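Residues per chain are reported as follows:
2 protein chains.
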Amino acid sequence: MIVETKFVRFDSLELDCGATLSPVDVAYETYGELNKDKTNAVLILHAFTGDAHAAGISKETGKLGWWDSMIGPGKAFDTNKYFVICSNVLGGCAGTTGPSSINPKTGRPYAMSFPVITIRDMVRLQKKLIDYLGIPRLLAVAGGSMGAMQALQWAVDYPDMVAAAIPIAGTWRHSAQQIAFNEVGRQAIMSDPDWDGGNYYGKRPPARGLAVARMIGHITYMSDESMREKFGRRLRNKDKPGFDFSIDFEVESYLRYRGSKFVDRFDANSYLYITKAMDYFDISEGTGRLVEALEPTKARFLLISFTSDWLYPSYQSQEIVRALQALNRDVAYCELTSNYGHDAFLVDVAEQAELVRGFLASTYKQIQRS
Amino acid sequence: MIVETKFVRFDSLELDCGATLSPVDVAYETYGELNKDKTNAVLILHAFTGDAHAAGISKETGKLGWWDSMIGPGKAFDTNKYFVICSNVLGGCAGTTGPSSINPKTGRPYAMSFPVITIRDMVRLQKKLIDYLGIPRLLAVAGGSMGAMQALQWAVDYPDMVAAAIPIAGTWRHSAQQIAFNEVGRQAIMSDPDWDGGNYYGKRPPARGLAVARMIGHITYMSDESMREKFGRRLRNKDKPGFDFSIDFEVESYLRYRGSKFVDRFDANSYLYITKAMDYFDISEGTGRLVEALEPTKARFLLISFTSDWLYPSYQSQEIVRALQALNRDVAYCELTSNYGHDAFLVDVAEQAELVRGFLASTYKQIQRS
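So the sequences go chain by chain: H and S. Read in our numbering, the first sequence has 121 at position 121, and its numbers run on one by one without any break. Read in our numbering, the second sequence has 689 at position 319, and its numbers run on one by one without any break.
The hints are simulated quantities; they were obtained by calculation from the structure and are not laboratory data. Small disclaimer: the values here were computed from a predicted structure and weren't measured. Check before you lean on any hint, since a few could be wrong.
[As the list claims (entries may be wrong)] Using C-beta positions, here's what the derived DEER-type ranges look like:
id, chain 1, residue 1, chain 2, residue 2, range
1, H, N237, S, N569, 41 to 51 Å
2, H, E229, S, N698, 24 to 34 Å
3, H, G232, S, K735, 38 to 48 Å
[Claimed, not checked] Chain S residues, not near chain H, derived (Cβ > 12 Å throughout):
id, residue
4, V394
5, I505
6, E553
7, N569
8, G587
9, D594
Think of the CB as a built atom: it goes at the ideal place given N, C-alpha and C, for glycine as much as any other residue.
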């Protein structure tokens, strides 16, 4: 399945902070065909550093999509049955307007003059895309991590447009610990002199700070168990067991490699804006009254969390489940056993795929009946 | 209790890496009186960023010792009964020789020419101090976190000098995750241009990198629960709920404050050397055969871990307990319930104090009898 990223430009987008962005580009991909009734569209929502390329092989880069294990012919999001859409989020750096985009008023990149955005702003832009594609109602919105936050926001903000929502390994508000990890990543970037107040475009980017931020991220995405299984205390060089500050352990080598690779594909200012959007995320808008916040929803829900995910622990999904049950919503929940930590929704997908497959099929059946 | 740090110089210290340091200074404090039989001495071993000032009010700084809640008249380490000693570790920056010390061969600070050190090297230097103080056998060695590693090493390397060992919230080898967090801290420091290959003495220190490293540390010392209780999502400024990159949440303010305060009291190169010593720590020396590694021990043991400590999780203490039981050693273990994460051994000490008090008393009784 060779796929191509498409682009669409919208005149403007109003933001939660009060500013209006104009114009706004969206990068997106689609897989499968929209049926005649337009009832088989599924919107996939990507996590923090994801992009529109969720499945298939990119015509441009030759790379496999980030959720190719879940999306494709015969897979959980079966492209023989469903029309699957994925777009790069607002504030991103993979085709959708973000801080690295050119501000038409100045002819230079926005950098830190880009307005601060929220998860709701991201969803508001996705809504424009779905309208543009002529889809009156989505069969499902689905995503892991930050994708789960967007799925929840969709179900709350556009209840008539969402038949089903699948928030995986997510939360209804960022906790102090989640904010803290993001803040340290931001500090690492902003402490790098090459960051230069965000004005590094066309110059040397804050590669060292961004790499450190990414290393912190990677530790939080894995689990104690999965790191032990993958690396243990294995030395990088058997003949050179240490006593200096070069790379001793394989885990050090892995982190440095992942940190440095990330710099090639991700914009440091996008890192700042998107983590801030996550930290602001609180579906209850500061009230803490989750049941009230979820009251507008009309969708069916499938929530999934993973036993070893300590970054978005199961209790956060369970709080959502309990609130939906209190509202008498149609909600299914499963805590899957996995050693892969938060990464599980990307790498340990066998059981997750079966849950999603069944849930989508029954939702589709319900819709055809009604 | 006004206390004063004392200093002693030793001619030389042989290190695991093959190098010899000469001379070596040790900063230490003592509380209480050594009895006539010299059977009431307890050696306290500090954690990563600790120092010799474990208890009482410092004559120099007016500050309370880092474990004052545990050490003093009538406290768990009762200075009416016991002679308590604490020294700054080798590689530190609070009086004991470390990378910021003057290398007598060059007249300048060692910086990165300081030899790489191990937990065993730290213990070897402490042994010199105990010999110097004329103590033939310690009633107990005790410490949390890196202090627990030293306590274990003492019990293995000098079994005839240790009647009892109290490793709290520790491990017998650093795991991949523990190495990973340390490595990110090191990378944050070494990425700071002010680090300058370690040669920042007399110039601007790598304050930004060191602050980021410290922030990461603080997150790992707390728990999800304790951060939620302490900060939640409270905003720093009620009137200014965000939409910019200044400090929004109290947890951000806390981390930035702790990061910047740390820079005033801790040397960045010491951060590198001490974290590396922890990462090298493996009491089994790479064999993974823990029972064999602990075979030389003769001490009684009390191990303590905390339910919410995810940096040094209970299973690591429990592995030590099982190995000691297999060796038929006298071992007590308790997993204490606490929300305070790894910090619990410093801040949530009521139950810990009772366990230590009883264990020390019964050890002392045993010794008097024999």
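**Report entry** Which numbered hints fail
**Finding:** 1, 6, 8, 9
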